[in-house]
Amino acid sequence: GAVVSQHPSRVICKSGTSVKIECRSLDFQATTMFWYRQFPKQSLMLMATSNEGSKATYEQGVEKDKFLINHASLTLSTLTVTSAHPEDSSFYICSARDRTSGGSEQYFGPGTRLTVT
Amino acid sequence: SQKIEQNSEALNIQEGKTATLTCNYTNYSPAYLQWYRQDPGRGPVFLLLIRENEKEKRKERLKVTFDTTLKQSLFHITASQPADSATYLCALDEGGGADGLTFGKGTHLIIQP
Chain B
1 GAVVSQHPSR
11 VICKSGTSVK
21 IECRSLDFQA
31 TTMFWYRQFP
41 KQSLMLMATS
51 NEGSKATYEQ
61 GVEKDKFLIN
71 HASLTLSTLT
81 VTSAHPEDSS
91 FYICSARDRT
101 SGGSEQYFGP
111 GTRLTVT
Chain Z
118 SQKIEQNSEA
128 LNIQEGKTAT
138 LTCNYTNYSP
148 AYLQWYRQDP
158 GRGPVFLLLI
168 RENEKEKRKE
178 RLKVTFDTTL
188 KQSLFHITAS
198 QPADSATYLC
208 ALDEGGGADG
218 LTFGKGTHLI
228 IQP
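Those protein sequences? They're chains B and Z, same order as listed.
Once you know that position 10 of the first sequence is 10 in the numbering used here, the rest is easy, because the numbers rise by one and skip nothing.
Once you know that position 76 of the second sequence is 193 in the numbering used here, the rest is easy, because the numbers rise by one and skip nothing.
Think of the hints as simulated: they come from the structure by calculation, not from any bench.
Hints are supplied without guarantee of correctness; some may be wrong.
In silico EDC-like pairs for lysine to aspartate or glutamate, Cα to Cα no more than 20 Å straight-line [as the list claims (entries may be wrong)]: (1) B:Lys41 <-> Z:Asp156; (2) Z:Lys120 <-> Z:Glu169; (3) Z:Lys120 <-> B:Glu22; (4) B:Lys41 <-> B:Asp98; (5) Z:Lys222 <-> B:Glu22; (6) B:Lys41 <-> Z:Asp216; (7) B:Lys64 <-> Z:Glu122; (8) Z:Lys120 <-> Z:Asp184; (9) B:Lys41 <-> Z:Glu126; (10) B:Lys55 <-> Z:Glu169; (11) B:Lys64 <-> B:Glu22.
As the structure is a prediction and not an experimental result, all values here were calculated from the model.
Could you put the whole structure together from the sequences, leaning on the hints where they help?
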């Protein structure tokens with residue numbers, strides 16, 4: 001149980017284009033999903049908290065107009081990187097909490113490797 | 118904001134021995150402290166969670182301790198195996214589950230046969 005998927009697993013795009021990444025909880029409902037970014041040899045950094053049916057909460061320093069988050073259902077959140085630039089190249093990982101478990105642990109997706117050329 | 122330090126970037130342990138990883142934090146104690154395993158190019162996998170009022174937690178060959186006085190957690194893998202080789206991440210949950218996690222950089226554990 002508690003499986004989170006991400007799509008795509010890898011994407012290469014040209015500078016200036018937009019890329020959408022999907023995060024799905026496959027066997028549980030997630031009221032809250034989280035988006036993280038990880039640069040090589042660095043820790044995961046929380047970018048934003050995505051709540052179903054409401055606006056996302058962004059961490060300090062993360063541009064909300066650049067990283068658009070939509071959490072349209074209890075099993076799907078999307079992150080759109082708009083007007084991507086090479087410095088946005090990173091490993092993007094989503095996570096979700098099972099709202100029925102009562103626990104604090106988060107279940108992570110396999111990640112999406114974004115390369116902007 | 119919280120700073121998390123994990124004892125070393127890399128740790129080499131001989132197969133069969135106990136591996137001990139350290140996580141230290143700087144500010145107030147979190148509601149929960151969690152340990153994750155991350156393999157190259159993959160997302161983290163949840164291993165263990167310990168609450169601030171718990172001293173120790175065990176799961177099979179894994180053991181976690183939490184000392185709020187020292188602001189430290191220790192993560193032990195007993196009877197280590199080459200398959201345990203991975204990066205282990207310490208993460209703090211200060212919001213009791215409502216907020217995202219604050220992660221350390223991780224310790225890359227290598228178990229040598």
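Which numbered hints does this structure break?
-> As far as the earlier hints go, 3, 4, 5, 6, 7 and 10 are violated by this structure, in ascending order.
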